[in-house]
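J.: Sequence:
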Amino acid sequence: MDCEGCEWDGLDKLSRTMPGFFGRIRMLHLELHFVTNLALGTKGRAEELQTIARVMDSLRDFRTFGYSINSDLSIQRFGNPIFYQELYDYGLYVGACCYEFSMVRKDLVTVAGS
Numbered sequence: 273m274d275c276e277g278c279e280w281d282g283l284d285k286l287s288r289t290m291p292g293f294f295g296r297i298r299m300l301h302l303e304l305h306f307v308t309n310l311a312l313g314t315k316g317r318a319e320e321l322q323t324i325a326r327v328m329d330s331l332r333d334f335r336t337f338g339y340s341i342n343s344d345l346s347i348q349r350f351g352n353p354i355f356y357q358e359l360y361d362y363g364l365y366v367g368a369c370c371y372e373f374s375m376v377r378k379d380l381v382t383v384a385g386s
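In terms of our numbering, the sequence shown opens at residue 273 and continues consecutively.
Since the hints were derived computationally from the structure, they do not count as laboratory data. C-beta: ideal position from N, C-alpha, C; glycine also. Keep in mind that a hint or two might mislead.
Cross-link-like lysine to any residue pairs, in silico, SDA-like; alpha carbons within 20 angstroms at most [unchecked claim]: (1) LYS378 x GLU319; (2) LYS285 x TYR339; (3) LYS285 x PHE337; (4) LYS378 x ARG335.
Taking CB as the label site, the calculated pair distances span [as the list claims (entries may be wrong)]: (5) THR382 x ARG332: 29 to 37 angstroms; (6) ASP361 x ARG296: 32 to 40 angstroms; (7) LEU364 x CYS278: 29 to 37 angstroms.
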């Protein structure tokens, strides 16, 4: 899923309007943006962060098996990017516009040695 910023609202709407939606998905590949002037439109910062928190909670039954950092912050693409400093304070790579995550549902994963 790569929809250049609308992923937060789209995933949030799916989780709220279609209970059990994520339980029907085995694997996801998401590009999640963390640049405020791209991500959630005209919402206030507090509401944006609440949406991100709801989406991340919806993904709690998935395990990440791969990710990459996209640090393309060109002026042509983003203008003057504004970041979610609160998220970087918790360990996101400063300067990344987005992360690409490959995820699989935890109940489908067998951990070596268990």
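J.: Could you tell me which of the numbered hints above are not met by this structure, giving the numbers in increasing order?
T.: 1, 2, 3, 5 and 7
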